[in-house]
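Protein chains in written order, with our numbering: chain E, 1 to 346; chain Z, 1 to 346.
Just so you know, these hints were derived from the structure itself, not from any lab. As the structure is a computational prediction, the values presented were derived from the model and not from experiment. Among the hints, a few may not be true.
As the list claims (entries may be wrong) - The calculated DSSO-like cross-link candidates involving lysine-lysine, where the alpha carbons are at most 27 Å apart (straight line), are:
1. Z:K264 - E:K147
2. Z:K147 - E:K264
3. E:K32 - E:K264
What the hints assert, rightly or not - Example chain E residues on the side facing chain Z (calculated, C-beta under 7 Å, incomplete):
4. A139
5. I142
6. G143
7. V204
8. I205
9. D207
10. A210
11. P237
12. A238
13. V242
14. L244
15. H248
16. F272
17. S289
18. T291
What the hints assert, rightly or not - Sample of chain Z residues with no beta-carbon within 10 Å of chain E, all distances over it, derived:
19. C54
20. D89
21. I331
Beta carbons are placed, not taken as given, at the ideal position from N, Cα and C, and that holds for glycine.
Number of protein chains: 2
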Amino acid sequence: MNAPIGRLADSLTLPQPYLLFLGDTTEPSYAKTAFGLADWAADRCVGELAIGGCTVTTGLPRLSSAEARAAGARSLVIGVANVGGVIGDSWVAALVDAMEAGLDIVSGLHVRLASVPALAEAAKRTGQRLIDVRTPPPAIPIGTGRKRSGKRLLTVGTDCALGKKYTALALHRAFTLRGIAADFRATGQTGIMIAGGGIPMDAVISDFEAGAAEILSPDAPDGHWDVIEGQGSIFNPAYAAVSLGLLHGSQPDVFVVCHDPSRKVILGMESFALPLVEEVIDLTSRLGSRTNPSIRCGGISLNTSAYDADAAEALMAAERERLGLPVADPIRGGASFDALVEACLA
Amino acid sequence: MNAPIGRLADSLTLPQPYLLFLGDTTEPSYAKTAFGLADWAADRCVGELAIGGCTVTTGLPRLSSAEARAAGARSLVIGVANVGGVIGDSWVAALVDAMEAGLDIVSGLHVRLASVPALAEAAKRTGQRLIDVRTPPPAIPIGTGRKRSGKRLLTVGTDCALGKKYTALALHRAFTLRGIAADFRATGQTGIMIAGGGIPMDAVISDFEAGAAEILSPDAPDGHWDVIEGQGSIFNPAYAAVSLGLLHGSQPDVFVVCHDPSRKVILGMESFALPLVEEVIDLTSRLGSRTNPSIRCGGISLNTSAYDADAAEALMAAERERLGLPVADPIRGGASFDALVEACLA
Numbered sequence: 001m002n003a004p005i006g007r008l009a010d011s012l013t014l015p016q017p018y019l020l021f022l023g024d025t026t027e028p029s030y031a032k033t034a035f036g037l038a039d040w041a042a043d044r045c046v047g048e049l050a051i052g053g054c055t056v057t058t059g060l061p062r063l064s065s066a067e068a069r070a071a072g073a074r075s076l077v078i079g080v081a082n083v084g085g086v087i088g089d090s091w092v093a094a095l096v097d098a099m100e101a102g103l104d105i106v107s108g109l110h111v112r113l114a115s116v117p118a119l120a121e122a123a124k125r126t127g128q129r130l131i132d133v134r135t136p137p138p139a140i141p142i143g144t145g146r147k148r149s150g151k152r153l154l155t156v157g158t159d160c161a162l163g164k165k166y167t168a169l170a171l172h173r174a175f176t177l178r179g180i181a182a183d184f185r186a187t188g189q190t191g192i193m194i195a196g197g198g199i200p201m202d203a204v205i206s207d208f209e210a211g212a213a214e215i216l217s218p219d220a221p222d223g224h225w226d227v228i229e230g231q232g233s234i235f236n237p238a239y240a241a242v243s244l245g246l247l248h249g250s251q252p253d254v255f256v257v258c259h260d261p262s263r264k265v266i267l268g269m270e271s272f273a274l275p276l277v278e279e280v281i282d283l284t285s286r287l288g289s290r291t292n293p294s295i296r297c298g299g300i301s302l303n304t305s306a307y308d309a310d311a312a313e314a315l316m317a318a319e320r321e322r323l324g325l326p327v328a329d330p331i332r333g334g335a336s337f338d339a340l341v342e343a344c345l346a
Numbered sequence: 001m002n003a004p005i006g007r008l009a010d011s012l013t014l015p016q017p018y019l020l021f022l023g024d025t026t027e028p029s030y031a032k033t034a035f036g037l038a039d040w041a042a043d044r045c046v047g048e049l050a051i052g053g054c055t056v057t058t059g060l061p062r063l064s065s066a067e068a069r070a071a072g073a074r075s076l077v078i079g080v081a082n083v084g085g086v087i088g089d090s091w092v093a094a095l096v097d098a099m100e101a102g103l104d105i106v107s108g109l110h111v112r113l114a115s116v117p118a119l120a121e122a123a124k125r126t127g128q129r130l131i132d133v134r135t136p137p138p139a140i141p142i143g144t145g146r147k148r149s150g151k152r153l154l155t156v157g158t159d160c161a162l163g164k165k166y167t168a169l170a171l172h173r174a175f176t177l178r179g180i181a182a183d184f185r186a187t188g189q190t191g192i193m194i195a196g197g198g199i200p201m202d203a204v205i206s207d208f209e210a211g212a213a214e215i216l217s218p219d220a221p222d223g224h225w226d227v228i229e230g231q232g233s234i235f236n237p238a239y240a241a242v243s244l245g246l247l248h249g250s251q252p253d254v255f256v257v258c259h260d261p262s263r264k265v266i267l268g269m270e271s272f273a274l275p276l277v278e279e280v281i282d283l284t285s286r287l288g289s290r291t292n293p294s295i296r297c298g299g300i301s302l303n304t305s306a307y308d309a310d311a312a313e314a315l316m317a318a319e320r321e322r323l324g325l326p327v328a329d330p331i332r333g334g335a336s337f338d339a340l341v342e343a344c345l346a
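With the hints as constraints, model all of the structure from the sequences given.
Here it is in structure tokens:
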């Protein structure tokens, strides 16, 4: 398997540092990718590029593509989304200019970059690459179930979109601050841009789902931790296949359950109650034990963004008492988050 | 969702009846697809076509492509596999001749038919289609979890390749013989050729796995049964994603566990013990209840091909006693299989 892994590793690595492209965006919520990169990968972002009447900013220096290239940037990342996930007509000239300045283009949009004729033509002419992070690498192997060296942590959830990426990033940062060798392993588009690599697990053909998770977190030295971004939920009727393949292939030693106590039903599926946190702990332990018999729950990451500080603290205390496990909101941090980190590493 | 389902339904339907292509095969085990079609879809096969020194036969009439077309055939099905799953050089002229006679070409091989230049050219010239059944239909929707009308049975297993397709076909035939309206729903290449349609579930992108299973067994009249071919096993470290997506999307009322008592470890994975039948019953019930709370186990299909008749009978009796459920080998049939059928329909 050396050859395919070598090729995969190459195809999984994004050219950094980045120039963040904001387009002509006036609505901050459309620039979530750019803000995520500025929050979690600022050391790998040389600046931002805005065009037309753009009113949002990440706070990074405003640079032209040529200035960014001179400052070391290797790619322009599209940090904004339009309605429909398309490439704005008004963006094309700026993207072509970036390629002419020597930058590759990185996109997490649904539309393929090369489907825009002007971009395909400029890529051919300049030799710069058009990189769609929603496209998985070629030649993913079938899973083997082989136990790998090093330690692994996976964030799982009661549902989609309630903090699995943020929790994994916060735990990875905390591990690193404690001097522990660790890698954040990204499984979704924004995470992949932050990490500078990864595999979009929801875009992998199902037969290869576990195999993709296996190559995402390869053998590592003793004491090294891979902190793996979870996807979906084994209780989500649409996406459980993604979650189980990721769980089996990740063979985590520790998992952290991410939950939003204000959410009562599965996102977009009114007839499906959100599972209880203890149901997720129990089923994740059972399914995960197939590839790692010593899997355990490290604690709970509670997304308390819907509550004020007192209500959040009360919620976390009640959950801590009820479950007998560390409970923290990584966005609020503090001593409870430290306790969660320690429990994961214990 | 009407439009995509309409398009999907079209793209899932293979042109029947078939002419079975045996190539120049001399090794019967390479002609398993042709034998499967002759066993389960003989009424939709007008004959067989052999070339060169072919020594195997399905027992169907030997016809030229022109004779087959005159007898009503609409496609030639490649019923043999070479080592490596490629199109034999010696086959190409016969396949081109079939297209010139007015037949589409249907293949379950790994290689795409259109990747062979002579076939692509002939398809363009004659207007006949090149159909790769390993390619899923386009525009599969995300799963919804919505409860559908009609009844569903899914075959599941302790592992891959131990009788899930055969069991589903045998149950479908038994249901039909009892006058019950039923469809066999195919999820793998050979099953798809037998059924004349279906979805290759292992080739579907994981985000759409449950959605694919949902459109595979659409709303049906009261009293109608879809008998769905299972894939893999929720205990298989490589393929559980496929199995769980299929389970959630199929929302079965009844499942039948397929097991080979002579197999002790997962195929190709020496370090993974085969799960116990009762573990498969328990975990399938638990996971399946997410989309069908009234899911139940109808019984066990035991593949006793490794045992003589007395040993097989003793094994089945012991399992029946131990599990308190009907246990039968559909290949051996008999009263025990009738009891399994009745329990599924109860």
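Checked hints:
1. Z:K264 - E:K147: The hint holds at about 20 Å.
2. Z:K147 - E:K264: holds, 20 Å
3. E:K32 - E:K264: holds, 25 Å
4. A139: violated, 14 Å
5. I142: Given a least distance of 5 Å, the restraint on E:I142 holds.
6. G143: holds, 4 Å
7. V204: holds, 6 Å
8. I205: holds, 6 Å
9. D207: holds, 4 Å
10. A210: OK, holds: E:A210 within 7 Å of chain Z, min 5 Å.
11. P237: Interface hint status for E:P237: holds (3 Å vs cutoff 7 Å).
12. A238: Check passed: Cβ of E:A238 comes within 4 Å of chain Z, closer than 7 Å.
13. V242: This interface hint holds because 5 Å falls under the 7 Å limit.
14. L244: holds, 5 Å
15. H248: Cβ of E:H248 sits 5 Å from chain Z, so the hint holds.
16. F272: Cβ of E:F272 sits 6 Å from chain Z, so the hint holds.
17. S289: Hint violated; E:S289 Cβ to chain Z Cβ min 11 Å, cut 7 Å.
18. T291: holds, 5 Å
19. C54: Per Cβ check, Z:C54 is outside 10 Å of chain E; nearest 32 Å; holds.
20. D89: Z:D89 is indeed farther than 10 Å from all Cβ atoms of chain E, at 26 Å.
21. I331: Z:I331 clear of chain E: closest Cβ-Cβ about 27 Å, beyond 10 Å.
Checked against the numbered hints given earlier, the structure breaks hints 4, 17 and satisfies all the rest.
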